[in-house]
Each structure stands twice: as structure tokens, then as C-alpha cells.
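S.K.: Chain by chain, the residues:
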Amino acid sequence: MEVFLEGLLWLVDSEHWSGHNAIPLRVREHVLYAVTALAAGAAIAVPVGLWTGHTGRLGNVAINVGNLGRAIPDLGIVAIAAVLIGFGILPVILALTALAIPPLLTNTYTAVRGVDAEVRDAAVGMGFTGWRLLRQVEIPLALPLIFAGVRVSTVQVIATATISGFIGRAGGLGRYIFDGLALLDIPRVVAGAVLVALLGVLADVGLARLQRAVTPKGFAAALAEREAVASPPGG
Amino acid sequence: MTTATATVLLNWGWIARNLGPIGESVVEHLALTAPPVAFGFVISFGLALLARRYRGLYQPLVRVTGVLFAVPSLAFFALLIPFLGLSRTNAYVALTIYTLVVLVPNIVEGLDGVPRDVTEAADAMGYSPAKRLLKVELPLATPVIIAGLRIATVTIIGLVTVTAFIGFGGLGDDILTGYNRAFPTQIIVGVTLTAALAIAADLALLAFQRAVAPWRQGV
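Taken in order, these protein sequences are the chains called A and B. Be aware that the first sequence starts at 1, since it is given in the numbering used here, and climbs by one per residue. Be aware that the second sequence starts at 236, since it is given in the numbering used here, and climbs by one per residue.
In isolation and in its complexed conformation, chain B is listed as follows (with noise of 0.2 Å):
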């Protein structure tokens, strides 16, 4: 390459002519996002109810999420390389075990934030377990899970960038490529975007939740 394209951070012409693969770059970061963020979600909501339950569970539970969130993101996906090939799922189980580090502990601090009045006076209405749980403490929980939601969704947003290096990556796959070609622009433009879709997540979850919980405006 030569130092008169070097010079030039933005090339538009480049970016104007590749809008059509820029746009499924995108799209595929957000394929990649979406199935972890819920199975995740799903997954913690189970470790979480189990955590409530059996107490003990509750530490252990996230000292292990912890250390496995000090394992580098690049090293989780080589490491399931032999289990599971450079494959998506590969990519969506790496993914999803770090949600958990954020998710569960949100989740039971949320429904155990839930006040001790409000789910007696719910037994003495004679409420079921499972229906105190989903008529009372969830919806009461809400601002405080959406908002480890947020954390997770936008963490994940940015990992999905590393899935570049077992041959996915979305608008990760424009860094490493604009990496390999020293241009530029596909990097600003890989970056930007990830950046973007971040904070477009972060405020649709936020609004979401002012949404479903006008009562607390201020989280």
C-alpha cells in the first residue's frame, strides 16, 4: 500500500460502494448477539430461582461465573474448538457462559430487593409460589434485571467482534479485514457501527424498561 492511501482515514467512495455488505455486517453482528443474550437470559434465570432456593449455591455460583469471565474471550473459543469445531455454536456458547457473570447476580438481587411487606401481604392473599413470583416479585424486579440486561447486551455487542477470529464476527470480520488490508476505513466503519449498535441496545432496553416500569424513571 502506499502512503497516499495511508493518509486517508475515510475513504467514502469505499464506503458508499460497499453499503449492501456493510448492511449484512450488521445484520450478522446482530445474529450473533441475539441467541446468546437469551439463552443467557434464560440460563440465569434458572441458576438465579435455583441460587434463591438453595442460598449456599448463591457465592460458589459467582465466584465460578467470575473466573470464567477472566478467561480472554478469544482463548474461550479455541478452547471449545475440540468440542466444537469452528462452528456457531461455538461462538453462541462462549458468548452466552459470559452473560452469566452479569445476569445472575442481577437477577437475584433484583428479586431479593423486592420488599419482605410486599410478598407476605401476596401469601396472605393466598398467592401460589410460582404466581407470587410472576405476578409480584418480577414485575417489582424488573428495574433492576433490565438493567444487568443492558450491561450483558452491550458487553456481548462488543465480544461478538472477537467471533472474527474462528471466521464470523459480523462488523468484527470488517476490523480484521480492514486489519489485514492496513485500511482504515473498514476498521472506523467496523468500529463505529459495533459502537452504535451498543448504544442503539442500550436505550431500546432502557426505554423497554420505562416502558414496562414507569415507576422508576431514574435507573
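Excised from the complex, chain A in its bound form (with noise of 0.2 Å):
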């Protein structure tokens, strides 16, 4: 228990909140990495997501992309992409940006297949088709289940960010828990690690508000037992 007390004493140390290495530079850094590539995960997921659930061709490849993502080390694709493309930022934005893609896929393809057959053809039946029936009848009635989406990759992107601190000249959270552990500073790791796992939780709790905000009415109460088609986490 030590430990952690040292950690937070670490936290608190105003040595640490300025300077280079300052603790709200390292958050900065953090916070633009994750968003970066969850907006490009986002980009490249969700309209792949939505014209797959829409159309339901492909579901297949879908879903197989996003269970064969989890499966791929996040670790190998840091590695690989800094050995080939050279050290920085960019090889942890895209193995984030890859870390994003397969929840955000796997739901928002899930959410629009699953948008109910009845209220679909009733869509139709008024004379809704293509682009309309998906943005005013599927997205909304979706949107709740891409929302958890977000939310799983969220986590995972904030918490494997830490990896921008294995890749020289790359900064964020992870810098305090490599740079730690390669000095056996034990306080420094602790103090990065709950700074990255706050973050996580912040995030987490403020996109569960914007997912109720976001949920239609009188639709919140049907969404419970589909909530439990969201991947959990695996960072």
C-alpha cells in the first residue's frame, strides 16, 4: 500500500506539474492521441458499419474483421509500424486507430441489422427508402448500441495509449509508466497509471450521460437486453 501512497505523493509534487515532462502536458498528450485515432477509427468504421447493416451485404466480413482485430497485438502493431515508417506519434495513432475499429464496427453493423424488421418495413410502407430510411429511421433507432461502441473502444484506446510511451520521441501517459519502470521508479509508474486509468473512467462516465442523452424515448427500456451484444473491453 506504500506504493500507491508514494504514487499520489508523487502526483501531488508541484516539481511535477511544470517543465517538459509536466503532468498536463502528458494528459495533453494522452487525450489527442486517443481522440485522434478514435476519430479515425470512427471515420472508417461507422460508414463501413452503417452500409453493411444497411444493405446487409457483407455482415460476414464485418463481423470477421472486428473479431479478427482483437486478435492482433497491439503491441506487434506499434512495433512494425515504427520499425517501417520510423519513430514519432504516427505509429501510435495507428495502432490506436486499429485498437478503435473493431468495436466500433462490430456494433454499429450489429445496431442497424438489428433495428426492428417490423419498424422498418412499416418505414418503407411510408414511403422511406435508402439514405432517408437510414438517417431518419436506422441511425436513430442505432444509435444507442454505436454509442456503446464507443464507449468499449474509448476505454481500450485510453488505456493502450500508453504504449506511445515504448516509441521514442512520442509522449503521453506512457512516457511516466516505461520511463518508470525503466528506472524501477515505482512512484512514477503508479502516479501514470492512475492518471491513465481516470482518464479511462472519466471518458467512460461522460459518454454513458452523452449514450442516455442520445437514446430515443420510450426506446431506453427495449435497449437493455441488446446492450449485452457490446463486446466488453480488451485493452
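Some clues are possibly wrong.
[As the list claims (entries may be wrong)] Now the in silico label distances, taken between C-beta atoms and shown as ranges:
id, chain 1, residue 1, chain 2, residue 2, range
1, B, V297, A, P24, 26 to 36 Å
2, B, V297, A, G114, 19 to 29 Å
3, B, P374, A, P140, 16 to 26 Å
4, B, R288, A, A182, 40 to 50 Å
5, B, V447, A, E2, 19 to 29 Å
[Said to hold, decoys possible] To list a few chain A residues with every Cβ distance to chain B over 12 Å, as calculated:
id, residue
6, E29
7, R57
8, W131
9, L143
10, V214
These are computed hints drawn from the structure, not numbers from a lab. Beta carbons are placed, not taken as given, at the ideal position from N, Cα and C, and that holds for glycine.
Each chain sits in its own coordinate frame; assemble them with the hints.
M.R.: Structure (C-alpha cells):
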């Protein structure tokens, strides 16, 4: 328990709140990596998930890519990207983007596919087709489950962004953890771990609120059982 | 290193010469994966039964394991160093804790999903709670429980690579060594075989599930 106390003392030490290795700087870098990767991952996974879910085509491919992605170790992606394209933040962003895609893709596909067939038929009967059906009926109903995917991806990406410390010339909270481990400065590692976990939990709580806000009224109750489809985290 | 070797992504000659060590990495990777999944399953089962008896425990349990999951794996190993050193036990403890976040909810949901009529019928036939659990609830919950076990196993196979930083790693050690030597072949071998192991384990568990619970092929 002493270790945790020392870690907390490290956190509040004013020396660690300024300079080139300052806590606010490392937190900003960490958030920047995570947000960039999540945005890039969403830009790829959400359109593909919406399209495959809407048309019902290539659904198995979407699911399998999602599962395959979970099987590939993040450390390996960072290592190969660093060796091939050089050091810096690009390999980190690439690996985190690859990590963000599977839950987003699987959830988006499942969410759109899972829209009640009767609701879809009714919408088609009312003259909704193609893009309008997707935008005005399928997406609103799929949104809560898509958000569940965003939450899973976000928590994973924030925890795994720690891997930036592995790469020279990249910042983020991973610096504290990797450098602390290399120097056997355990309080520094504890401080880094606490900050990363805190960021992850805060993001999850924030997104949970947002998720409730985007859930169409009267739909929330029916949703509870479908939430189980959301894959649990794995970072 | 020269640019000539850097452009060769896969040096097949190296792979052919190192089949022995690569095989050892695979075996070591499995040896690092199996104990945490097994311990994790036993602990989760106990916690799940506890959470079913004392319902108030369930939500806090899910929350605590969720927070533990938000701790980066490397930090977890580092945090255990003061207590367990750079030991195998260190790797096992951290990886075991990670399985709980997946396994506990799956076991609870699986057992909760058994229809009430079925459990009442078992009670009416004079089954004791223990016999009901073993003979009725557990078999019916098998598909959901194995679904959780599949996710936990795939996750742990990936996380084992990170134990390379505390001196283990299995195939993760190949990734780390390849990185330190700027040798892409060894990294690619490590990544590919890790993914292959994860997929093989996933399919094996799926086959097992279909064998023991043939009434639910769809899951």
C-alpha cells in the first residue's frame, strides 16, 4: 500500500506540474492521441458498419474483421509500424486506430442490422427508402448501441495509448509508465497508471451520459437486453 | 542496419533457421495464457455465485472490475513489482484480474438467463440448490459462459505479449526483440502467430461449446 501512497505523493509534487515532462502536458498528449485515433477509427468503421448493416451485405466480413482485429496484439502493430515508418507519434496513432475499429464496426453493423424489421417495413411503407431510411429511421434507433461501441473503443484506446511510452520521441502518459519501469521508479509508474485509469473512467462516465441523451424516448427500456451485444473491453 | 535489409519484410531464411525457438515461443505463450484463464474462471465462478446470492454485490463488482480494466496492462505488471517482483506470478496475477471483467458478468447473465419455469420444475422435483445448479442451470448457461470464455481467452492471448516488458512474453518477446533489433521479420512472426493462436483458441472453444451445448448453434 506504501507504493500507492508514494505514487499519490508523486502526483501532487509541484515539481511534476511544470516543465517538459509536466503532468498537464502528458495528459493533453494522451488525450490527443486517443481522440485522433478514435476519430480516424470512427471515420472508417462507422460508414462501413452503417453500409453493411443497411444493405445486409458483407455482414460476416464486418463481424470477422472485428473479431480478427481483437486477435492482433497492439504491441505488434506499434512495433512493426515504428520499425517501418519511423519513430514518433504516427505508429502510435496507427496502432490505436486499428484497436478502435473492431468494437465500432461490430456494434455499428449489429445496431443497424438489429433495427426491428417491422419498424423498417413500416418506414418503407411510408415511402422511406435508401439514404432517408438510414438517416431518419435506422441511425436514430441504432445510435445507443453504436454509442456502446464508442464507449468500449474509448476505454480501450485510452488504456492502450500508454504504448506511446514504448516509442522514442512520443509523449503521453505512457512516458511515466515506461520510463518509470526502466528506472525502477515505481511511484512514477503508479502516478501514470492512476492518471490513465482516471482518464478512462471519466471518459466512460461522460460517454454513458451522452449515450442516455441520444437514446430515443420510449426506446430506452427495450434497449437494455440488446446492450449485451456490445463486446466487453480488451486492452 | 543497412537499408538493404530494412526493405526485406519477411526474411524466410531466418524463419527457417529459427523454427525451434519460434516453436518454444508458441509453447511459452500458451503456458502464460492457460493459468490466468483457468484461475480467472474459477475466481469468476465463485464471485458470480456470490453475486447471485447477494444481489447488491453485483453492480459494485462489475464497476470495480471495470475500473481495474482501465488500468493499462504494463502499469499493472509494474504495480505488482514491489509485491511479486519480476516473477511469473506477477504476470499471472495481473492477467487473471483482467479476465474477471468479462467472465463475472457472463456467468451471472448466463445463470440468470435460465427460464424460471425450468428452475421451478427442478425445485418441484426435489433438487437441492447445489444439484439444481450443477444439473440444470449450469448446462443451460453453458453457451453464454463459453461466449465469455472465448472473449477472455482471446484478450489474454493478446495481453500476454505485454509481459515481454517484465521478462516473459512468449511471442511478445519476439515482437520486442524484433523491435529492438529493427528486424521486421521477427515482429511479423510474433504478431502473426499471436493472432493465429487467438483465432485457433477461439475456434476450439466454439467447437467445444457446440459439442456440449448442441441445442444452440447460433451463438
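S.K.: Of all the hints numbered above, which does this structure not satisfy? Sort the numbers upward.
M.R.: The structure breaks hints 3 and 5; every other hint is satisfied.
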